[in-house]
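Given the coordinates of chain A, assemble chain B onto it according to the supplied hints.
2 protein chains.
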Amino acid sequence: MPQTDSSAPSSPPLAPAWPPQALAGMELFRGLEAAALAEVMAAAHIRTVPRHTPLFHQGDPAPHCHALLSGGVRISQSNAAGAQVALRFIGAGEMFGTVPLFTDRLYPADAETVADSVEIRWTETTLRQLITRHPAIALNLVGVIGRRLMEVQDRLREVTTGRVEQRLARALLRLAAQSKRDQAPDGTGTTLAFPLTRKDLAELSGTTLHTASRTLAAWEKRGWLSSGRRNGRVRITLHDVAALTAMAEEGRD
Amino acid sequence: MPQTDSSAPSSPPLAPAWPPQALAGMELFRGLEAAALAEVMAAAHIRTVPRHTPLFHQGDPAPHCHALLSGGVRISQSNAAGAQVALRFIGAGEMFGTVPLFTDRLYPADAETVADSVEIRWTETTLRQLITRHPAIALNLVGVIGRRLMEVQDRLREVTTGRVEQRLARALLRLAAQSKRDQAPDGTGTTLAFPLTRKDLAELSGTTLHTASRTLAAWEKRGWLSSGRRNGRVRITLHDVAALTAMAEEGRD
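As you go down the protein sequences, you meet chains A and B in turn. For the first sequence, UniProt numbering begins at 1 and goes up steadily by one. For the second sequence, UniProt numbering begins at 1 and goes up steadily by one.
Chain A extracted, bound-state conformation:
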């Protein structure tokens, strides 16, 4: 059984028991046999974390490999003016905060839950032992980080060459791809897995809040998407993925 952390020893918020099979959908552990998954789960620390809880801070020493079993995490960096700028959203099954174990051992960004979440993590020593016994984990790690590198390179090129509408459409489609399991209640679209603000979307697409808001409002009017509150959080639902894809592909290289 994985160990569960608790910040209130007298009345610990018990993490539900997670079967090793919960790891099978994670790209990091793709191709591992059931026995290996059990070993990985047994070596993990699992904790439930309420939303709006900081998990680590930019510049702190980075001793863990982190992933999410459920919920969502916002990865952001502070800019020159000290404000937080959204860099990426992490959904269930995704890894985060792990690259520094292999580089300078300092978190390059802040991580904070945007929903009630279950975090799973391994110490660096444990991760290295698991990799030695199951080298497929290292190759999966290369795949995860490599795909993010390509994605950020695409975003960098878009910022310097693309139009704002393209960038915003691409940011929405990337978030939708992370949210495939979240069908809208009435089956008419994909609800983004993360409670995003318009400011988040402006930052993810490299534009101003004003431009992002104006563009989103125009698209809402056309019926391409809708935004609403669900469980008290702002949620965006994409209704016309084809139209957004056409916008994203316009002038695609």
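To be clear, the hints were calculated from the coordinates, so they are not data collected in a lab. Be a bit skeptical, because a hint or two may be false.
Okay, the calculated beta carbon distance ranges per label pair [unchecked claim]:
| id | chain 1 | residue 1 | chain 2 | residue 2 | range |
| --- | --- | --- | --- | --- | --- |
| 1 | B | 123 | A | 129 | 26 to 34 Å |
| 2 | B | 250 | A | 21 | 45 to 53 Å |
| 3 | A | 39 | B | 240 | 50 to 58 Å |
| 4 | A | 124 | B | 208 | 41 to 49 Å |
| 5 | A | 129 | B | 30 | 17 to 25 Å |
| 6 | B | 136 | A | 123 | 16 to 24 Å |
| 7 | B | 213 | A | 63 | 42 to 50 Å |
| 8 | B | 27 | A | 58 | 23 to 31 Å |
| 9 | A | 61 | B | 24 | 26 to 34 Å |
Just so you know, even glycine gets a beta-carbon here, dropped at the ideal spot from N, CA and C.
For chain B alone, kept in the frame of chain A given last:
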């Protein structure tokens, strides 16, 4: 001995023999014993490539792990207008074109030599066999790709929040860090290892050719850098790294 390729069987441009020790300085093979380096070298294909030779094209199937023993390679992507935009320069000892082996198996960019170069490469099958026998290679690979991810994330944040002068200074300092061995002939600076155009620098720092040229001319006037021809190629030499660093750090987060 590594195998050497030749495009002219009758009079092959023989690649010089490279000792396994030539791999010791490469981050990808850090921590490997001499015997392991010999094994890695024996499994490699080495070829000499004149400058301005395309090595692969964006969208082509990606069957190799590539690195440079000497010379330089420009990695670029085509933008919406069909023009090439510089994304990264690869110097001696650096890996390139290898991420797609672990993702979608298609080169995400073009690669072309910018100087007479010696390329070393391994097939995917060979690389996977080497990783199985020497798992340290996989962890080194995570480090190389992870560092590039962090660097591109920094560039993305700079483009959306930083000033042009900052971005240009940071681009020059990154290129200088890749060129540590290239002291200026008179010892008064660091000559960038790559023959760069002003357009390259504009693209690497996400600005226009006009702004990049104007800024570089101003800095040349202040004595921070100089540009000149060496061996018939345009070379930039940084003379005042402290001033450029101050410019890069201004408002640093």
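Status of the hints after comparison with the structure:
no.: 1; hint: B/123 with A/129: 26 to 34 Å; verdict: holds, 30 Å
no.: 2; hint: B/250 with A/21: 45 to 53 Å; verdict: holds, 52 Å
no.: 3; hint: A/39 with B/240: 50 to 58 Å; verdict: holds, 55 Å
no.: 4; hint: A/124 with B/208: 41 to 49 Å; verdict: holds, 44 Å
no.: 5; hint: A/129 with B/30: 17 to 25 Å; verdict: holds, 20 Å
no.: 6; hint: B/136 with A/123: 16 to 24 Å; verdict: holds, 20 Å
no.: 7; hint: B/213 with A/63: 42 to 50 Å; verdict: holds, 46 Å
no.: 8; hint: B/27 with A/58: 23 to 31 Å; verdict: holds, 24 Å
no.: 9; hint: A/61 with B/24: 26 to 34 Å; verdict: holds, 29 Å
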